[in-house]
Every structure is written in structure tokens, then in C-alpha cells.
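Respectively, the protein sequence lines represent chains F and V.
Those letters in the first sequence? Residues 1 to 768, by my numbering.
Those letters in the second sequence? Residues 769 to 885, by my numbering.
These are calculated hints, taken from the structure and not from any lab test.
These figures come from a predicted structure and were not determined experimentally.
Beta carbons: idealized from backbone N, C-alpha and C, even for Gly.
Treat the hints with care, since some could be wrong.
When the alpha-carbon atoms are kept at most 25 Å apart in a straight line, the in silico DMTMM-like pairs for lysine to aspartate or glutamate are as follows [stated by the list, open to error]:
| hint | chain 1 | residue 1 | chain 2 | residue 2 |
| --- | --- | --- | --- | --- |
| 1 | V | Lys819 | F | Glu197 |
| 2 | F | Lys546 | F | Glu152 |
| 3 | F | Lys535 | F | Glu190 |
| 4 | F | Lys700 | F | Asp589 |
| 5 | V | Lys830 | F | Asp734 |
| 6 | F | Lys723 | V | Glu828 |
| 7 | V | Lys819 | F | Glu152 |
| 8 | V | Lys819 | F | Glu709 |
| 9 | F | Lys725 | V | Glu770 |
Now the stretches of chain F that chain V is said to cover, found in silico as 3 or more residues with beta-carbon under 8 Å [to be verified]:
| hint | region |
| --- | --- |
| 10 | 19-25 |
| 11 | 145-151 |
| 12 | 347-354 |
| 13 | 553-567 |
| 14 | 701-715 |
Spelled out, the chains give:
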Amino acid sequence: MLLIVCLGFLLSLAMLFISKIIKGKWAWLTTLIPLSTFLYFCSFLDDIANNQVIKITYNWIPTFKVDLSFMLDGLSLLFVLMISGIGTLVFWYTSSYLKGHEYLDRFYSYLGIFMSAMLGLVLSDNLITMFIFWELTSISSFFLIGFNNESESCRKSALLALGITGVGGLFLLAAAVILGQVTSTYTISEMLTMSNEIVMSSSYVFIVILVFLAAFTKSAQFPFHFWLPGAMQAPTPVSTYLHSATMVKAGIYLILRFSPILGETPLWNTTLITIGAITMLYSAIHMLFRTDLKAILAYSTICALGILTFLTGLGSYEALVAAMVFIVVHALYKASLFLITGIIDHETGTRDITKLSGLKNGLMPIAVVGFIAALISGGVIPTLGFVGKDLIYESTLHFKNNTWLLTGIAITTNVLLFYGGFLVGVKPFLGKKPEALPHLHMPSIRLWLPPMLMVSLGLILGFMPFLLGDSLIMPGAEILSRGESGLHLKLWHGFNNIFWLSTLTIVLGFILYLILKPSDRLKTSADKFEFLSPKSISGYVVTIFKITSKYWTMLFQNGYLRHYVATYVTFIIVLVGYLLLQDPVLRIDYNSLADLTVYEIVIIMIMLLSTLFTVFTPSRLAAVAAMGIIGFAFCLLYLFYSAPDLAMTQFSVDTLTVILFVLVLYRLPKYLKFSKNYLRVEHGILSAIFGGMITFLILKVISEPKNSEVSNFYAENSYVLAKGKNVVNVILVDFRGSDTLIEITVLIVAAIGVFGLLKLRLKARDKK
Amino acid sequence: MEILLAIMTGVLYAAGTYMILRRSIVKLIIGIILFGNGVNLLIFLLGRITKGNPPIIAPELKHFADIYADPIPQALILTSIVISFGLQAFAIILVKRAYKVLKTDDLDMLNTLDEDS
Numbered sequence: 001m002l003l004i005v006c007l008g009f010l011l012s013l014a015m016l017f018i019s020k021i022i023k024g025k026w027a028w029l030t031t032l033i034p035l036s037t038f039l040y041f042c043s044f045l046d047d048i049a050n051n052q053v054i055k056i057t058y059n060w061i062p063t064f065k066v067d068l069s070f071m072l073d074g075l076s077l078l079f080v081l082m083i084s085g086i087g088t089l090v091f092w093y094t095s096s097y098l099k100g101h102e103y104l105d106r107f108y109s110y111l112g113i114f115m116s117a118m119l120g121l122v123l124s125d126n127l128i129t130m131f132i133f134w135e136l137t138s139i140s141s142f143f144l145i146g147f148n149n150e151s152e153s154c155r156k157s158a159l160l161a162l163g164i165t166g167v168g169g170l171f172l173l174a175a176a177v178i179l180g181q182v183t184s185t186y187t188i189s190e191m192l193t194m195s196n197e198i199v200m201s202s203s204y205v206f207i208v209i210l211v212f213l214a215a216f217t218k219s220a221q222f223p224f225h226f227w228l229p230g231a232m233q234a235p236t237p238v239s240t241y242l243h244s245a246t247m248v249k250a251g252i253y254l255i256l257r258f259s260p261i262l263g264e265t266p267l268w269n270t271t272l273i274t275i276g277a278i279t280m281l282y283s284a285i286h287m288l289f290r291t292d293l294k295a296i297l298a299y300s301t302i303c304a305l306g307i308l309t310f311l312t313g314l315g316s317y318e319a320l321v322a323a324m325v326f327i328v329v330h331a332l333y334k335a336s337l338f339l340i341t342g343i344i345d346h347e348t349g350t351r352d353i354t355k356l357s358g359l360k361n362g363l364m365p366i367a368v369v370g371f372i373a374a375l376i377s378g379g380v381i382p383t384l385g386f387v388g389k390d391l392i393y394e395s396t397l398h399f400k401n402n403t404w405l406l407t408g409i410a411i412t413t414n415v416l417l418f419y420g421g422f423l424v425g426v427k428p429f430l431g432k433k434p435e436a437l438p439h440l441h442m443p444s445i446r447l448w449l450p451p452m453l454m455v456s457l458g459l460i461l462g463f464m465p466f467l468l469g470d471s472l473i474m475p476g477a478e479i480l481s482r483g484e485s486g487l488h489l490k491l492w493h494g495f496n497n498i499f500w501l502s503t504l505t506i507v508l509g510f511i512l513y514l515i516l517k518p519s520d521r522l523k524t525s526a527d528k529f530e531f532l533s534p535k536s537i538s539g540y541v542v543t544i545f546k547i548t549s550k551y552w553t554m555l556f557q558n559g560y561l562r563h564y565v566a567t568y569v570t571f572i573i574v575l576v577g578y579l580l581l582q583d584p585v586l587r588i589d590y591n592s593l594a595d596l597t598v599y600e601i602v603i604i605m606i607m608l609l610s611t612l613f614t615v616f617t618p619s620r621l622a623a624v625a626a627m628g629i630i631g632f633a634f635c636l637l638y639l640f641y642s643a644p645d646l647a648m649t650q651f652s653v654d655t656l657t658v659i660l661f662v663l664v665l666y667r668l669p670k671y672l673k674f675s676k677n678y679l680r681v682e683h684g685i686l687s688a689i690f691g692g693m694i695t696f697l698i699l700k701v702i703s704e705p706k707n708s709e710v711s712n713f714y715a716e717n718s719y720v721l722a723k724g725k726n727v728v729n730v731i732l733v734d735f736r737g738s739d740t741l742i743e744i745t746v747l748i749v750a751a752i753g754v755f756g757l758l759k760l761r762l763k764a765r766d767k768k
Numbered sequence: 769m770e771i772l773l774a775i776m777t778g779v780l781y782a783a784g785t786y787m788i789l790r791r792s793i794v795k796l797i798i799g800i801i802l803f804g805n806g807v808n809l810l811i812f813l814l815g816r817i818t819k820g821n822p823p824i825i826a827p828e829l830k831h832f833a834d835i836y837a838d839p840i841p842q843a844l845i846l847t848s849i850v851i852s853f854g855l856q857a858f859a860i861i862l863v864k865r866a867y868k869v870l871k872t873d874d875l876d877m878l879n880t881l882d883e884d885s
């Protein structure tokens with residue numbers, strides 16, 4: 001199973017080597033990958049129908065309880081078949097749709113990554129691996145939306161989608177970690193048995209909110225829905241595959257998967273119903289104001305996702321069955337409508353509904369397919385859409401509170417969905433063909449066969465819903481509803497309330513279709529409220545964030561060296577000063593200190609004076625000379641305090657530095673005061689505090705007893721082990737020999753640098 | 769005596785910091801040198817001072833018979849002196865080069881890319 005899941009990854013890897021072939025006429029060969037996946041998973045249909053759950057675990061990081069464990073039950077098989085089935089059609093469709101495109105190979109490798117990630121996501125039994133696949137789908141979606149990377153709006157949409165869904169994924173990770181702490185496992189199937197503990201635990205509220213945030217961002221629920229219309233910038237096969245049929249349903253999958261674990265609490269159900277209802281109505285009404293075919297489909301997709309959230313929120317057995325059936329219904333008709341839109345766009349070069357009509361001349365078979373897709377979308381008998389809509393009404397009618405409010409919302413939404421479906425699937429084909437449109441001829445079979453297959457499936461399943469019901473939906477719903485079973489999908493239930501509601505929906509939808517004509521006027525009037533939409537508001541937040549972070553950065557990173565140094569010094573003063581002030585008393589044992597002698601005091605006075613002179617002299621030569629004096633004073637100090645090696649080194653180095661300085665000096669400009677006076681005072685105070693703090697630090701250290709363990713080791717072993725009597729030298733060349741070697745290397749590098757700089761001849765251009 | 773030295777270290781640190789905060793590159797280098805001296809003295813003091821007993825074992829002995837100065841700070845400072853010499857030499861030459869190309873000694877003028885200045 002691991003191999004099958006990873007086929008898509010392998011495809012994208014292989015694309016590196018076979019891109020030449022794929023860009024030619026062999027592009028359709030890639031279809032074999034989703035097709036073989038589809039066939040492989042079809043072989044599990046029997047097992048799943050018998051209520052088996054298949055689990056396969058591959059060890060990955062067992063220490064962290066992260067395993068590649070796959071679980072195949074009704075729900076995941078439903079998704080897997082959708083992913084690979086629609087994947088097959090989309091791969092096939094793309095081979096003609098993007099024929100000869102410069103980056104077709106890239107496109108297929110992104111699609112491959114997406115397919116594998118999506119399969120992994122719905123099959124994962126481990127929350128952490130699920131999170132990884134979850135983010136992989138967001139990333140592949142990013143690349144696919146930004147596929148036309150030369151268009152600015154494409155790049156923006158891609159970033160927006162990645163921003164929303166990527167951040168959403170992080171919420172999933174957080175939820176996984178908290179769940180892992182509560183249950184001490186990351187395995188979803190084990191959590192099923194611990195539902196009570198999770199619901200009773202104190203972090204339950206956090207878990208639910210995090211899971212919701214993850215699901216709502218991925219599945220474009222209000223107020224995070226706005227990335228989805230932008231995602232329609234992607235080529236049509238991508239919109240079909242990722243942004244209507246599969247990826248956006250990952251959020252729904254997540255809440256369905258978790259409903260037996262976290263569900264059946266007021267928090268869970270009420271939130272889902274509310275958010276679902278708002279999303280349904282909001283996007284259904286939005287749909288009325290669109291004129292771009294893909295935009296209409298985008299909003300009706302959001303609407304359908306809202307319905308799914310809503311149904312999951314209802315939480316009853318019927319509602320869960322309804323949700324799963326509706327997932328299939330929606331995938332079938334929405335994918336077909338998208339593919340048809342793609343064909344229209346491909347043939348006429350426009351997707352504007354106000355400019356399209358009469359396409360049946362020349363595209364008759366596609367008009368038929370579009371009509372059937374619209375029927376499925378509208379839930380007209382005898383399609384699978386009818387079965388789906390019946391189940392929706394059944395579950396709202398059987399809900400205990402607010403029955404009529406919920407049913408009313410569902411009816412309104414379905415009426416608008418009916419309208420949307422007809423708008424895309426029927427309207428462009430009817431009427432008289434405008435002169436502006438080119439002469440039409442049937443496109444390649446690769447383009448029209450996939451939507452035809454899908455709508456046929458919608459029809460067949462409408463007549464025989466038990467095919468779908470018994471093999472996939474029932475076993476899945478049984479697990480989700482913790483063991484309830486017994487419902488059988490039927491097309492015809494007789495003339496009951498539900499039938500009349502359904503008929504009412506269709507009639508109202510048809511009336512709406514007849515009276516409401518989409519126009520640009522409607523669109524512009526809706527645009528006036530754009531500044532209030534969640535998309536604009538999030539835009540404002542991003543702008544404010546950018547401005548704030550710019551100021552924040554400039555506060556510390558303004559590009560002036562002294563500013564950085566001043567910041568460091570202040571930071572050190574605060575940090576060390578705070579520690580020192582914890583115990584500000586000095587306890588120095590004055591008897592243990594060395595005696596004061598006259599010559600020492602003289603040396604210190606010389607050093608002090610030359611330091612002050614170095615700082616304040618207006619002459620550079622004097623400053624350098626004074627610095628030299630400090631160095632020589634140091635030699636003497638080292639001599640007094642038993643460090644002859646240091647004295648010698650200091651002497652030679654100091655001499656060399658001064659000579660070097662003087663040699664370079666005559667080339668330099670005048671020694672100027674650049675800084676303003678107040679800045680000098682400010683820096684002076686800062687430096688004085690810093691120096692004072694260092695003095696205090698030293699005194700503090702001196703008042704503590706010294707630990708001589710390491711020194712004693714070297715002193716003891718210097719002769720015994722290394723046969724040297726000058727301990728300092730032995731440490732440098734023997735005990736720490738490799739350090740010294742590296743030090744020499746550093747010096748050599750510096751010497752090469754100096755040599756290079758001296759010898760560098762500038763080009764004429766730089767000399768000016 | 770240690771107290772005097774501690775004060776001296778503080779003065780060197782303060783002078784070094786002040787010079788590093790100036791705009792002239794030459795002052796910056798002088799600042800770094802002063803600062804480096806201050807650090808050396810700090811390390812030296814942390815090992816305490818011992819007069820007249822360098823860490824050298826007498827020719828006829830295998831171990832120290834008397835007290836001796838701590839060899840570790842000395843080894844560290846020796847390394848530090850040599851390395852900072854490398855740094856200083858490189859910095860000085862770099863300043864010379866930079867001045868030759870850019871005709872300025874002001875750090876704030878080095879903020880832009882050379883093409884513009």
C-alpha cells in the first residue's frame with residue numbers, strides 16, 4: 001500500500017528524467033498512475049462492504065510514536081476512490097487541455113505530489129503523518145495555483161491560499177500534540193475508544209477549536225473562505241481536482257473522522273451547524289453576483305462545503321450518511337461542470353456568462369453532458385443528486401431543535417445551488433450564438449470523455465444508489481456514528497414531506513433561473529461592499545502587520561554599526577547588571593590582595609593617562625602613539641606579574657601594530673569629529689556605565705575563592721607527561737596543540753588577506 | 769593592587785566602547801585594540817596575580833616547589849594577543865583600501881552600495 005500511495009511522488013521524481021517524453025504526445029501515459037491506484041483500491045471494495053477495517057503499519061519514527069500507519073475503512077475508501085478516480089480523469093483531460101504547454105512536466109509532477117499527499121492524508125491513521133500529508137497538499141496546491149507564475153494575480157492568489165491553508169495546518173499540528181498528550185497516542189483508531197476521556201479532559205475546548213480552525217481554513221468555511229475564489233486562477237484541471245473535488249474536502253474529512261471522537265457535545269454540534277449555515281447562505285448569495293463561470297463554481301463549491309459542515313454538525317446517523325452521499329454527488333457534478341467550463345474556455349476563449357450563449361451549435365454532446373450535470377446539481381429525479389438532497393432534508397427534519405429554521409436554510413441554499421448549476425451547465429448552450437464567438441467544433445475526446453463518464457456515473461448511481469450505499473457509505477457511516485446502521489439508500493421513497501420539499505426546491509430554483517439574469521450591473525453593485533468582506537479585512541491586517549514589522553526592524557536593524565554596538569552593550573549592561581544587583585555587596589579579603597608598590601602605581605597612572613589621551617586627542621598620530629604606550633605598559637605589567645611570555649609577545653605585537661598604523665596613516669584623510677555632541681555625551685555615559693560594570697564584575701570575582709583544579713593538572717603533568725618546564729608553552733604547543741595549529745592557520749589566512757589587499761590592482765572603472 | 773587593576777580594566781572597556789561607537793573607521797580600530805587590551809587584563813585578573821613566580825619549573829625539579837602564577841590565563845592571553853594582531857593588521861589594511869576606493873573615513877558613508885557613492 002505504501003508503494004501505491006507513493007506512486008505520485010515517484011512520478012514527480014521520475015519527471016526529472018522523462019520530461020521530454022511527457023511533453024510530447026505521450027502525456028496521457030501519466031494517466032496510468034491514478035488509474036492503477038484506482039484499480040488497486042477497488043480490490044478492497046468487498047472487504048470494506050463486509051465491514052472490515054484494513055490496517056497496515058510501517059515503522060517510521062517509533063520513538064516519537066510517529067508511524068506510517070494506514071487505515072482503510074468506508075470513509076477513507078470513499079475518499080481514496082474519489083481521489084484516484086477523478087485523478088484519472090483529470091490526468092487524462094490535462095494531457096489534451098495543456099497540450100504542448102511549456103511546463104507540462106512540472107504540472108504533472110505537482111499533480112502527482114498532490115495525489116500522493118491527498119491519498120496519504122485520508123489513509124493516515126497517525127495524526128502526525130496526517131499533518132505532514134495535510135501540509136503537502138497545501139504546498140502542492142500553492143504551486144498549482146501559481147502555475148501561471150508570470151501573472152501577478154496568480155502569484156498573489158497562490159500566496160493567499162498557502163497562507164490560509166498552511167497556517168490552518170499548523171493548528172492541526174497543535175491539535176495533534178494536545179490530543180497526543182491527553183491520550184498518549186497519535187493513532188486515530190486508538191483515540192476512538194478514548195472518546196469519553198478526551199471530552200472530559202480540560203483541554204477538550206482547545207482541541208475542538210484547533211481542529212475547527214484547521215478544517216475551516218482547508219475547507220474554505222466562513223470567514224476563511226476567501227482564498228478559494230482566488231485559487232480559481234489555477235488551470236481548470238486543478239480547480240476541478242483540488243479546489244472542488246478533493247483537497248478542499250480534506251477539512252470535511254477531518255471533522256467527519258473526528259466526529260466519533262470529539263463529537264456529540266453542544267460546542268461541537270452548534271459551532272459546525274452555525275458556521276456551515278453561514279457559509280452556505282453567504283456563498284450562495286455571493287454566487288448570484290458573479291459572471292465568471294469559474295467564480296460561480298467557486299462560490300457554489302464553498303456553498304457545498306458549507307452544507308457538508310452543516311450536515312456533520314447535525315451529527316445524526318442520517319446526517320452523516322447524507323454528508324457522505326453529498327460528497328460523492330458534489331464531486332461528480334462539480335468536477336463535470338468545471339471540466340465543461342474548461343472546454344468552453346478552451347474553445348471560445350472566454351468564461352464570461354454574459355457573453356456566452358448558443359454553444360449547442362457545434363458542442364451538442366457537451367451541452368447534453370452539461371444539462372445532466374445541472375440536473376444532478378439541482379437534485380432532479382432520477383439522479384444521485386436527488387438521493388443526496390432527500391437525505392439532507394431528512395436529516396434537518398429529524399433534528400430535535402429549530403427544525404424548520406434549519407430546513408429553511410437548507411431549502412434556500414439548494415434553490416440557489418440549483419440556479420448555479422443551471423447557470424453553468426445549461427445557460428451557455430441555449431439561445432442564439434453571438435457573432436463574436438468563433439466557429440465551434442467538437443474538442444478532442446480526451447476533453448469531453450471525462451465529464452461524460454462522471455455524469456453517467458451520477459445517473460447510474462441515481463437509479464441504483466445501493467451500489468454506492470452498501471459498499472462504501474454504510475460501512476463508513478457505521479464507524480462514524482459509533483455502530484448505528486440500517487439505512488439503505490433508495491431513489492424513491494413515495495410521496496412524503498421530503499418529496500414535496502424536494503419538488504418545491506426544484507420549482508423555485510427553476511423560477512429563479514428564468515427570472516434572474518446575471519449581469520455586470522449586479523456584480524458592480526456587490527463590489528461596493530467589498531471593503532467589508534473577510535478578504536479585505538485580512539488584507540488590512542496584513543498591511544498593518546507589514547508596517548509594524550518594518551518599524552520594529554528599523555528599531556534594531558537600522559544599518560548603522562554604532563547603533564548595533566550600542567544595542568548590544570545596552571543589552572549586556574541590562575542582563576549582567578541585573579544579575580550583579582541581585583547581590584550588590586562586595587566581600588573582598590583585603591589581606592589576600594597583592595601589595596601596592598610605587599612602580600606599579602606609576603605604570604597604572606601612565607596607562608590611565610594614555611588611555612584618556614587616546615580617546616580625546618584631536619591628532620591621529622598622537623592617538624596611535626598613546627596606544628603604543630598603553631601596549632608597552634602592558635608589557636611591564638605582565639613582567640611584574642610573572643608572565644614573561646606574555647610580555648615578550650605583547651612587546652613585539654604592539655611594536656608591529658604601531659608601525660603598521662603609522663605606515664598607513666599618511667594616506668588617510670583628516671582625523672575628523674563626525675558625531676554630534678549630544679551623541680558623544682550619550683555614548684560617553686553608556687561606555688562609562690559599561691566600564692564601571694566590568695570593574696564591579698572583576699571585584700565580585702576576586703572576592704570569591706579561586707578554583708585551581710585545571711591549572712594544577714597542567715602544572716603537575718607539564719614535565720611528567722610532556723617533558724617541558726615552561727608550563728605556558730607546554731599548554732600551547734602540546735596539550736592544546738591543535739588549537740594552536742588552527743590559530744596559525746587563521747593568521748596565515750589574515751596574512752594572505754593583507755597581501756591580497758595590498759597587491760590588488762583596481763580596474764579603471766572602480767578607480768574613478 | 770587588584771582593585772586598581774580592576775578599575776584600569778573598566779577604564780579600558782569604557783574607552784574601547786566609546787571609540788567603537790564613533791563614526792571614524794580609524795577610531796573604530798583603535799577602539800577595538802583598547803577593548804582587546806581590556807579583555808586581556810580581565811582574563812589575567814580572573815587568574816589572580818602572583819608576583820615573581822612565573823609558571824616555569826625549576827631545572828632540577830619535576831614539579832613546582834613554590835607557589836606559581838596560573839598558566840591558563842597566560843596561555844589564553846597569548847592566543848588572544850596573536851589573533852587580535854591578525855585582526856588588527858587586516859583591519860588596518862582594509863581601511864587603507866576602503867579609503868583609497870571610497871575616499872571617506874566615515875562609517876555612515878559606507879552604508880550604500882559602492883555603485884551609488
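A quick look at each hint next to the structure:
1. Note on Lys819 of chain V and Glu197 of chain F: the hinted pairing is violated, with a Cα-Cα distance of about 73 Å set against a maximum of 25 Å.
2. For the proposed pair Lys546 of chain F and Glu152 of chain F, the alpha carbon gap of about 19 Å is at most 25 Å, so the pair holds.
3. At most 25 Å may separate the alpha-carbon atoms for a hinted pair to count; Lys535 of chain F and Glu190 of chain F exceed this at roughly 39 Å.
4. A distance of roughly 11 Å separates the Cα atoms of Lys700 of chain F and Asp589 of chain F; the hinted pair therefore holds under the 25 Å criterion.
5. Distance check on the hinted pair: Lys830 of chain V and Asp734 of chain F sit about 17 Å apart at the alpha-carbon level, within 25 Å; holds.
6. Between Lys723 of chain F and Glu828 of chain V the CA atoms are separated by roughly 13 Å; this keeps the pair inside 25 Å, and the hint holds.
7. Among the hinted pairs, Lys819 of chain V with Glu152 of chain F is inconsistent with the structure: their alpha-carbon atoms are about 75 Å apart, more than 25 Å.
8. This hinted pair checks out: Lys819 of chain V and Glu709 of chain F have alpha carbons roughly 20 Å apart, not beyond 25 Å.
9. Restraint check for Lys725 of chain F and Glu770 of chain V: not satisfied, since their Cα atoms lie roughly 28 Å apart, outside the 25 Å limit.
10. Residue count for the region 19-25 of chain F with a Cβ under 8 Å from a Cβ of chain V: 0. That is fewer than the three needed, and the coverage hint is violated.
11. Coverage of the region 145-151 of chain F by chain V is violated in this model, with 0 residues showing a Cβ closer than 8 Å to a Cβ of that chain against a need of three.
12. Check result for the region 347-354 of chain F against chain V: violated, 0 residues qualifying (beta carbon to beta carbon below 8 Å, three or more required).
13. Coverage of the region 553-567 of chain F by chain V holds. Counting CB-CB distances below 8 Å, 6 residues qualify, and the rule asks for three or more.
14. Residues of the region 701-715 of chain F with a Cβ under 8 Å from some Cβ of chain V number 8, which satisfies the need for three, so the listed coverage holds.
Checked against the numbered hints above, the structure violates hints 1, 3, 7, 9, 10, 11, 12; every other hint is satisfied.
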